[in-house]
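Asks: Residues per chain are reported as follows:
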Amino acid sequence: MIKVLFFAQTREIIGVASTEVGDEFQTAEQIRRHLAAQGERWALALQAGKLLVAVNQTLVPLESAVKSGDEIAFFPPVTGG
Amino acid sequence: MSDVRIAVQEAEFDQNAEYRWLSENRSVGAATIFVGKVREMNLGDEVTSLYLEHYPAMTEKALREIVEEAEQRWDLQRISVIHRVGLLQTGDEIVLVGVSSAHRGDAYAANEFIMDYLKTRAPFWKKEQTNQGERWIESRDSDHQAADKW
Numbered sequence: 000m001i002k003v004l005f006f007a008q009t010r011e012i013i014g015v016a017s018t019e020v021g022d023e024f025q026t027a028e029q030i031r032r033h034l035a036a037q038g039e040r041w042a043l044a045l046q047a048g049k050l051l052v053a054v055n056q057t058l059v060p061l062e063s064a065v066k067s068g069d070e071i072a073f074f075p076p077v078t079g080g
Numbered sequence: 000m001s002d003v004r005i006a007v008q009e010a011e012f013d014q015n016a017e018y019r020w021l022s023e024n025r026s027v028g029a030a031t032i033f034v035g036k037v038r039e040m041n042l043g044d045e046v047t048s049l050y051l052e053h054y055p056a057m058t059e060k061a062l063r064e065i066v067e068e069a070e071q072r073w074d075l076q077r078i079s080v081i082h083r084v085g086l087l088q089t090g091d092e093i094v095l096v097g098v099s100s101a102h103r104g105d106a107y108a109a110n111e112f113i114m115d116y117l118k119t120r121a122p123f124w125k126k127e128q129t130n131q132g133e134r135w136i137e138s139r140d141s142d143h144q145a146a147d148k149w
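Residue numbers (numbering that gives the first Met the number 0), protein chains in the order written: chain A, 0 to 80; chain B, 0 to 149.
Treat the hints loosely; a few may be bogus.
Unchecked claim - Coverage of chain B stretches by chain A, computed from C-beta distances (three or more under 8 Å per stretch; other residues unrestricted): (1) 50–58; (2) 114–126; (3) 132–141.
For the record, the hints were derived by calculation from the structure and aren't laboratory data. Quick reminder that beta carbons are idealized off the backbone N, C-alpha and C, glycines included.
Given the sequences, and given the hints that come with them, work out the whole structure.
Replies: Structure, rendered in structure tokens:
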């Protein structure tokens, strides 16, 4: 399994903070597309554009590889500081 | 290598305590401290409070990576980064970045670098309560331009 987390607007629009997907995905982008196809809210929250992705708590490009046991997080551009 | 303190916390922080720690060694010739605060006006609306969300498992790791990058680029002695999370009020302090070095050039540059990188790479999100309702703050292009200049 691959754990998927959502933060900020992304989490609010989807309505859940996390989910899990199977091990058949090779990249974060494949997971994004799969989840975005789950419904209108998912599609809206996971539009590629400005969406950021972290794999195992490190920011990476959407096309980065993923594997079983990874923690993936999707979130909007950060606004701290 | 420099000494590093990183904290992500709900509690207020004490600038004087950070300054004392940063400047403790006799070899320190310069210390810079940046403090970010909750402004009362944003985009023309009055801000009453701010909620800061973060990604707990990633936040400290991201800050540490930014600090390590600064250590590679400048000759630094001590570095302190404190970022608050949770509910904050107008006028509250949000973030502190402190850097000490032998000479001021390193302390100034590294401090600005850490803030610029923090603004685009550390997983914090601000949601503000205003007299027009609540809204997530959008990232600014100017912040990305500031980070890109390094």
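Asks: Each of the hints needs a verdict: does it hold here or not?
Replies: We went through each hint and held it up to the structure:
no.: 1; hint: 50–58; result: holds (count 6)
no.: 2; hint: 114–126; result: holds (count 11)
no.: 3; hint: 132–141; result: holds (count 4)
In terms of the numbered hints stated before, the structure departs from none.
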